[in-house]
Amino acid sequence: MARTASPRGTDSADPAGLGRARAAAISAPALLIIAAFLVFPALWTLYLGTTNYRLTGFAARHPRSVGLQNYTNVIQDPDFHHSLWLTVEYVLFSAVLGQALLGFVIAWMLRDARGWLKRLIEALVLLAWILPSSVVAFLWVAMLDRGSGTLNALLHTPGTAWAIEHPMAVIVVFNIWRGTAFSMLLYSAALTGVPPSQLATARMFGANSWQQLRDVVFPHIRGHILTNLLLISLWTFNDFTPYQITAGGPNGKSEILPVYIYQTALFDGQMGLGAAISLLMLVINLVVALVYLRLLRDRRGGRKLERVAP
Amino acid sequence: MAQIRTVDLTKTFADAGGGVTALDALTLTIEDGEFFALLGPSGCGKTTLLRTLAGLETPSSGAVHIGEADVTRTPPGKRGVAMVFQDYALFPHMTVTENIAYPLRVRGVPKAQQREAVLAAAADLGLTGTDSTVGLLDRRPEALSGGQQQRVALARATAAKPSVFLFDEPLSNLDARLRLEARTFLKRLQRELAVTTVFVTHDQAEALALADRIAVMQSGRIRQLGTPREVYRRPANTFVASFIGSTPMNLLEGVVRDGRVLVADSEIAPPDGTGERLAERAAVVLGARPEYFRVSPDPLDGAFRGTVEVAENLGSSLLLTLDVSGTAVQVVVAEEDEPEPRATLWALPRKDRTLLYADGELVG
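Respectively, the protein sequence lines represent chains A and B. Yeah, the first sequence ends on 311 if you go by our numbering, and it's all consecutive. Yeah, the second sequence ends on 723 if you go by our numbering, and it's all consecutive.
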């Protein structure tokens, strides 16, 4: 513990000057909570995935190890393939295309706006984001209702059951509406970091809007774009809110992976199978995150290299 | 190559307090090929004027003409104007070559021609051909010194072949030593290119050194328009008088008595030809630059008598602050003439360089 006595506190191994014991004592409660609510369930899921554990019945009392059978079953299950494909569509259309694009467009259009218009639009977009999902889901169910829904009244299409006839379109539009605020906020902040003199220079040389975006704006906010896409992809991939609108139906037509797991594990009671799918989903999440992080690092590493070699 | 004319140019910015007038009915002609300075303290409207010429701001009323054309509503990219910003605004993700070629790329000029123009512009700006510039064209801006970055920005502007250059504080991002070098370089470049050039500065020395003509601005108005010599020798009002000159001009309040000016208990001869025009007992301000004094340890007729309060070494000369009956008068003396502390000196303003202001305006 001689290190704690370091008079200038510049010891790189112990910058806070606490000493190992006290540092451990301070972080212990947090680590305990993480262990109890994050690490343990994760390991429990890993274990469950190798059993035939069920919610009810004989296998609930006496689960039996089945090895990798759950995994082989899932991978060969056409329902799983279907669900995975729906999830990819859901992420691609609602997050990557919908939220990110719409969020950028709003941020770009409002970049010079001042006063009540900007505040109004931001407030409306944010409202969709901060409302509790149960409330939001109820509002959407009411809006899309076949008999007395607002949408049918607005479009003069009485009797159209939107959530049944176009379930995927409904949850895609819903998620765009719900999540665009985050992209908008992130891009708004990123756009303030684009030097106005560079934009003005491009304009002075006659660059049109697209050229200004391509040559000045995107190179500056590339990191923000990747970070945003990473976050919203993962959030959307794991999003369970659509269940509250379409319940995965009709007939599995909007059964994205989180809903599929819920149906399998809690509705059908096959906990072991559900745990196995959960783990596969976690792996997919990790792969997606790694791809984005790799793209981010490529960018930074590349710039560093240039600086070293003039 | 073009003349620039503004007619009754007005720009007001709306804000909570009703609005700020940045440009107040400005009418100004900048001649073809001229090197023109907009000089003034911050908030005087000089940058707004430059940005309005560029098309980055739209005037509230009035017109801007470049050459024959009225460009008041013309977008910035179609005015034939190139602007170099204070921070140079080089694109960080492009190499020097790509930066210089940018205006041509935007216009869709073929690659081979772009390359040719880049090499020509780079050669003009001294970015090729010396040991220190080997490989410079393939570097990114962040790997360049401040001076090199400025030259790249200038090269990019010249590659656009504009009829007008606009520079926003062209020297203020350089350190002091580099600034003098860049100043000489800039003046030579402007002479060689002979392109009408307008630049904004808050540094009076920069404006005096570079410009053919200077517009000294305050609160959206031009307070004086003239050559550096005119503006320095005969500031049209006390604002310009106090703004121009690296050591500020002495502006001493006094009254007229018997054809002479009574200032700080001293009777000073007014400038030639003003004696008879001055009304008796009129309140005036006497202007005399510290450099234009004859200073002597012996009594001089019609001079200020004061004691040395502070002596500041300026290198080849000294700036003395004299206490003249409670009024501070600054004079510059040669380095050999350093006085003793608290010495009594007589300081006689040069009659042909003395100025007289009444109600803030030059009267003689």
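Quick caveat, the hints were computed from the structure, so don't treat them as lab data. It is possible that some hints are incorrect.
[Unchecked claim] Pair ranges (Cβ atoms, derived):
{"#": "1", "chain 1": "A", "residue 1": "157", "chain 2": "B", "residue 2": "470", "range": "54 to 62 Å"}
{"#": "2", "chain 1": "A", "residue 1": "130", "chain 2": "B", "residue 2": "470", "range": "31 to 39 Å"}
{"#": "3", "chain 1": "A", "residue 1": "109", "chain 2": "B", "residue 2": "671", "range": "34 to 42 Å"}
[As the list claims (entries may be wrong)] Some chain B residues flagged as far from chain A (calculated, every beta-carbon gap over 12 Å):
{"#": "4", "residue": "436"}
{"#": "5", "residue": "475"}
{"#": "6", "residue": "539"}
{"#": "7", "residue": "584"}
{"#": "8", "residue": "588"}
{"#": "9", "residue": "612"}
{"#": "10", "residue": "698"}
[Claimed, not checked] Chain B regions said to be covered by chain A (calculated; three or more residues, Cβ under 8 Å):
{"#": "11", "stretch": "675–688"}
{"#": "12", "stretch": "712–719"}
Beta carbons are placed, not taken as given, at the ideal position from N, Cα and C, and that holds for glycine.
(request) Starting from the hint list further up, note which numbers the structure goes against and sort them upward. (result) Structure breaks hints 2, 3, 4, 11 and 12.
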